[in-house]
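Participant: Letter by letter, the chains look like this.
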Amino acid sequence: MIRLTRSPITLLFAGLVIVAAGYVAILLPGDGSTARELGAWALALGASLVLTGMLALAAARPAGTPRMMRAATWLTFLATFGGLAYALAAPAPVTDGPLLLGLPRVTAIMLLLTGLVPLIALPLAYAHAFDRDVLPREDVSRLMDAERQPDA
Amino acid sequence: MPELSALLQVAAIPAVRQPVIIIVGVAYFVACSAIGWWAARRTKTADDFFVAGRSIGLVPFAIAAMAATLSGFSFIGGPGLVYAIGMTAVFIILPAAITNTAGAWVLGKRMRLLGELRRLVTVPDAIGARFRSPGAQGLSAIAILVGIIGYIATNVLALGLVVDALFGVGLVPGIWIGTGITLAYSASGGILAGIYTDVFQGLLMAIASSIVFVFALDSGGGLAAITRTLQALDPVFLGPWGTRGAMVALSFFFVFAVGSLGQPHIAHKYYMLKDVRRLKWYPLLMTISMILAQLLFVSVGIAMKAFVARGEMAPLTRADDATPLFLLEHVPVFVSALVFAGVAAAIMSTVNSFLSVGAAAITHDLPRAWGAATAARPDALRNARLWTAVLSVLAAVLAQASGTLVAFLGIFGYGLFACTLVPSLALGLNWQGATREGAISSIVVGLVMTLGLETAAWLKLVSLPVGVTISGLSLVLSMLVFVGVSYLTRSGAAGQLDTDVKAVMEV
Chain F
1 MIRLTRSPIT LLFAGLVIVA AGYVAILLPG DGSTARELGA WALALGASLV LTGMLALAAA
61 RPAGTPRMMR AATWLTFLAT FGGLAYALAA PAPVTDGPLL LGLPRVTAIM LLLTGLVPLI
121 ALPLAYAHAF DRDVLPREDV SRLMDAERQP DA
Chain S
1 MPELSALLQV AAIPAVRQPV IIIVGVAYFV ACSAIGWWAA RRTKTADDFF VAGRSIGLVP
61 FAIAAMAATL SGFSFIGGPG LVYAIGMTAV FIILPAAITN TAGAWVLGKR MRLLGELRRL
121 VTVPDAIGAR FRSPGAQGLS AIAILVGIIG YIATNVLALG LVVDALFGVG LVPGIWIGTG
181 ITLAYSASGG ILAGIYTDVF QGLLMAIASS IVFVFALDSG GGLAAITRTL QALDPVFLGP
241 WGTRGAMVAL SFFFVFAVGS LGQPHIAHKY YMLKDVRRLK WYPLLMTISM ILAQLLFVSV
301 GIAMKAFVAR GEMAPLTRAD DATPLFLLEH VPVFVSALVF AGVAAAIMST VNSFLSVGAA
361 AITHDLPRAW GAATAARPDA LRNARLWTAV LSVLAAVLAQ ASGTLVAFLG IFGYGLFACT
421 LVPSLALGLN WQGATREGAI SSIVVGLVMT LGLETAAWLK LVSLPVGVTI SGLSLVLSML
481 VFVGVSYLTR SGAAGQLDTD VKAVMEV
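From first to last, the protein sequence lines are chains F and S.
Under the working numbering, think of the first position of the first sequence as 1, with each following residue one higher.
Under the working numbering, think of the first position of the second sequence as 1, with each following residue one higher.
So here's chain S without its partners, still in its complex pose (with noise of 0.2 Å):
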């Protein structure tokens, strides 16, 4: 059955070389190099690095959200899925309804005015300032580290895919090339250099999705005959559920509504803000910025398996092959060569935002739990860069493992950070009852739970039935120990609250 490993993109690309193509792409990776060189003279400390000085605007915060929230997944695999599975595959992106505002809602005002307060820049500082917990804190950040490894590698492998297929390099030197482009500006202008690149490249992405959503349809002949056609060949493929029925689809709903609520890259943003008062219409542009870039994930999927149903097109070998089969035979080239360049830009924003997350993680969020003092420290920005460095090569090293190992490493990522990070901050930051033993027992039980059953299921050990996803499980069961164990030990709630602390939760 489809579990978090459907967002993985491992397998091979067809080769989409040429000439405009692959001009194209060497303009957009000299393109982005060109945004980090520019930002990287703007870096000068580690707060610049981490949370870009505190200095972003509303417009390219609510587009490097939604360009950093968006991998190669909603280009490639996506559509895949959706090809493969119908409806069931939307129920994935379906909760962005409800998570586009909730991010704000729940985590974005609270976080903002805390990171100013006490000049956080992490995730776990968050967890750790609420908590007045150094062990909550460096827990958090162990999971994000365990979790992230994983993800950077299977997107490092996923950008030398995309190279490889449009340059034609190879596998192994595709993956060094993304990867060096990506490092050059992560390291040099960290997360400032990450926002600017991220806003060129959602601007990429959604121009993109948008452009072939409207040749998905005219292609298949409108939205109503791509139905009746598919209607005719299976009619659940489009009933409301898909063809992998209403468990799955309200597994992926439940992990992906309440689960963007943990994502580490997209929560941390919210220190970028440089007005906290901003915030008032960042749902409305992230949703419009979201909407946007998603069109593709749908039309093509629902388009090619048309195209199969009226005998036009052979049915696919693997479903991954369904937007580049799509853009080479029903794009104008030049099209095409957009949304290649859009595909490496989706990975290569996630990849610089867990890099910036995972350099912090180091640097700043495992000393601070064996209680050194960072923030002050004159190498902070030189020790920032050199693990950003080791990320990168430590990822792109283990992207050329055996495909199982990384597919094993990145699966349980996105399932990881939610039933660690749910928990102690979306809920801990709204909930003066919640309790620092309520915290570290859910990042514990769900950093145990999901490595112990990816592990067991990865050996074969466990097989779980359709519609029952390990994130899901992990997910409700860390909540629920998060909830019970602080109210098991309520009488130290109010304790554990610093006066400023308070005063963020209560406006």
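Bound-form chain F, shown alone (with noise of 0.2 Å):
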């Protein structure tokens, strides 16, 4: 059952690595800026797999993956790296900037990617895919009985 998760963990390992390297380069001598600007692309990016890696590994059935729980592992991504790149490749924030919902546009957008966007997909696809791939109400009662089963 090694088999199946091994994606997961390659992701996770990958977004692993990444951080890792972005703070290396903040830790190695040389140019300051040009480290901390890879620095923030390497957490902005090996962070939003961590996550998307943890949600998959979590999410993995030995039938594979349920489709539900894939998109919203995958659009957890999209909008969570999405949000953090838009802010990072924005230009410097001006005094006049256009503001968007009552904030700069660019936080805006941001916040909206990567808070609003996960903060209302992820529980409302989990409760949607509950019943169905989550827990199936067969599958805890299987499980239950197989404790239940002196040779189990």
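Simulated from the structure, these hints should not be mistaken for lab results.
Heads up, the beta-carbon is just placed ideally off N, CA and C, and yes, glycines get one too.
Mixed in with the good hints there might be a few duds.
[Stated by the list, open to error] What follows is a set of in silico ranges between Cβ atoms, one per label pair, in the way DEER data are often shown:
1) S/Leu-459 <-> F/Asp-31: 22 to 32 Å
2) S/Leu-171 <-> F/Pro-98: 41 to 51 Å
3) F/Glu-138 <-> S/Pro-173: 36 to 46 Å
If you follow the hints, you should be able to join the two separate chains into one complex; please do so.
Facilitator: Right under this line is the structure:
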């Protein structure tokens, strides 16, 4: 059963290596501003991959990852990394920059993507997939019945 | 630079002594004591004491988890940090968008199922069962104990500061009054009392935070007006990364997003849910309650900054004064009273949860790691109560020690839990390829790195560049060690999985 979780673990491991590389970039002597820029991109990508890898790992089943869980996992990655990357790529804030929803536009878009999308999508996807994919009633019964049998 | 020390409340809070605030404060403490007394009468066994008899319904479970997650930092230190560094501080709470659900998704189902099958009561229990390893259970219990003593001490100190601000009794009496009330319901009613006081406290926090949010935006002239004022002062303040820049913000994001899955006082609560299938709506309820309770965190800090920018208020001498001064000057006194009770509530709910986890580590996990049976012992409940009292007194004594020592002890709690528990718990329960060698190695690396680097930093022997945090470094390294060692020892992975644990991991 190790195979079924190979991809999420690879994803997670890649994310961890990228986060570590981000920290190393800052710790090494050299041009501080370039290192900080590289480090920030590495942390944004690495942290998003680590979170995605953990969600994917937990959603994996022997029969494959349920479609709704997979969709929610990848949506989370796209929204999280997309929001952070958008903010990293945006020009520096200015005194009279445009507003969106009462906040500076770049900040608002970053918060909408990295914050609001997973905030809404994840709990709804979890609840929607719960009865069929996350924890079907028959799976719980089977698990408990197996434990009640002496030879189980 | 802001490290996890930003989460600590170690400086005095401005006095808020007014009759209404004092009356509400007294009423709050009486209500907590009454709930504790009610719950104590229902606490008959160690199972009741540590996991509330696995009898908690969905709504109290979600509200209690929210209350335990938030400490006084959400009401005092957090808004102060927003006032000081703007959007950078928001990255401490931004991961909650994912972690509210990730807790149930990654940990909740499997911990609750395993808890029912094996009658588990602690987080180290789950690690021990997963890896069939008393050593991993004992090591994780040691890590928890090392982390919680300082964590409880800092929270008890914060509680003393709140009690002093409310009643003017002085810091030391404030510490003992706060500790005494928390201890009374924690030792008598255990986590059962904790859950029901958490529900009361969580509701109070959410209501207080929501009301203050409305006042903060209204008194600042609306969010757009506040933003325009702050843009003119410093466009970076409400820029996407705040005044400390992207690297610090993203370090916060990484540590608080991943680290949330290793907080024992939250993970431990999954055992208490009456029926595992009630997890279905837990993420949504948790999300709603967390949003409400965190509204104050962001709004007060930016509103206060705008008042200062417009010259309506002198710059704060200490950022942590943001909430108390805002309440005293911009909010009706009854609302202020609710918020101050909410601050005490947030601290007490966290302390209670940690006392339960700590007492369980001493009376349950460490003896088990040494091979002793604990569950059926007739003195289990008495021992649990005794050690809850010992930990409370120890924390109160420590809280009176020098501020820097308390701050040092409190700093590494969150990071230590993250780097010692996330690999073996959050990854271990979901990855059948993980091995006990990987688990033990990661716990040891997390402990040594966090303690070593935090001590060296406290002694000023090492200094890390802006954006690199000890907690972040330790977390990423312990996770890499866990995956790497598990891979190298993968031949033993299948043999370390008991049949029932494997079945739980495949559900």
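Participant: Quick check on a hinted range of 36 to 46 Å for F/Glu-138 and S/Pro-173, using CB atoms only.
Facilitator: violated, 58 Å
Participant: Could you say whether the range 22 to 32 Å given as a hint is met by the Cβ separation of S/Leu-459 and F/Asp-31?
Facilitator: holds, 30 Å
Participant: Can the suggested window of 41 to 51 Å be confirmed for the beta-carbon pair S/Leu-171 and F/Pro-98?
Facilitator: holds, 48 Å
Of the numbered hints given earlier, the model fails hint 3 alone.
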